Amino acid sequence: MLHTVTRSPYQSQSLAQCLAYVAAGDEILLLEDAVIAGLAKNNYLNVIKNIGVKIYLLEADLIARGLQGKCDEYLNVIDYKGFVSLTVKHEQHMKWA
191 MLHTVTRSPY
201 QSQSLAQCLA
211 YVAAGDEILL
221 LEDAVIAGLA
231 KNNYLNVIKN
241 IGVKIYLLEA
251 DLIARGLQGK
261 CDEYLNVIDY
271 KGFVSLTVKH
281 EQHMKWA
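Using the numbering used here, read the sequence shown as starting at 191 and increasing by one per residue.
To be clear, the hints were calculated from the coordinates, so they are not data collected in a lab.
Note that this is a predicted model, so its numbers are computed, not measured.
Some clues are possibly wrong.
Here are the simulated distance ranges between beta carbons [what the hints assert, rightly or not]:
(1) 215 - 256: 30 to 38 Å
(2) 200 - 278: 26 to 34 Å
(3) 207 - 239: 26 to 34 Å
(4) 214 - 260: 23 to 31 Å
(5) 264 - 215: 15 to 23 Å
(6) 231 - 278: 28 to 36 Å
Computed cross-link-like contacts, DSBU-like style, restricted to lysine-lysine with a CA-CA straight-line distance of at most 35 Å [claimed, not checked]:
(7) 231 - 244
(8) 239 - 279
(9) 285 - 239
Every residue, glycine too, gets a C-beta built ideally from N, C-alpha and C.
Could you put the whole structure together from the sequences, leaning on the hints where they help?
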């Protein structure tokens, strides 16, 4: 299943709820303000790393927020083509807003 999160973890519980729900084989895409969770050395990064699923950040949203190059290396930065590939790969999709 592909999980997409759009809200900042500092403004919403959507990321925390998503992390509690993910299962093996799932992947998470952080979009819009949720990309803030990918910043190096933040409180959410250890939780994200410990769940054992692949995490992606949308490059356009990082650029729009001036965060390009400031995210942890563990996370995968993708473009819109990569976003489409993830949606094709996963039949099920859960949006956390």
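Status of each hint after checking the structure:
no.	hint	result
1	215 - 256: 30 to 38 Å	holds, 33 Å
2	200 - 278: 26 to 34 Å	holds, 31 Å
3	207 - 239: 26 to 34 Å	violated, 18 Å
4	214 - 260: 23 to 31 Å	holds, 29 Å
5	264 - 215: 15 to 23 Å	holds, 18 Å
6	231 - 278: 28 to 36 Å	holds, 34 Å
7	231 - 244	holds, 18 Å
8	239 - 279	holds, 22 Å
9	285 - 239	holds, 20 Å
Comparing the model with each numbered hint stated earlier shows that hint 3 is the single one that does not hold.
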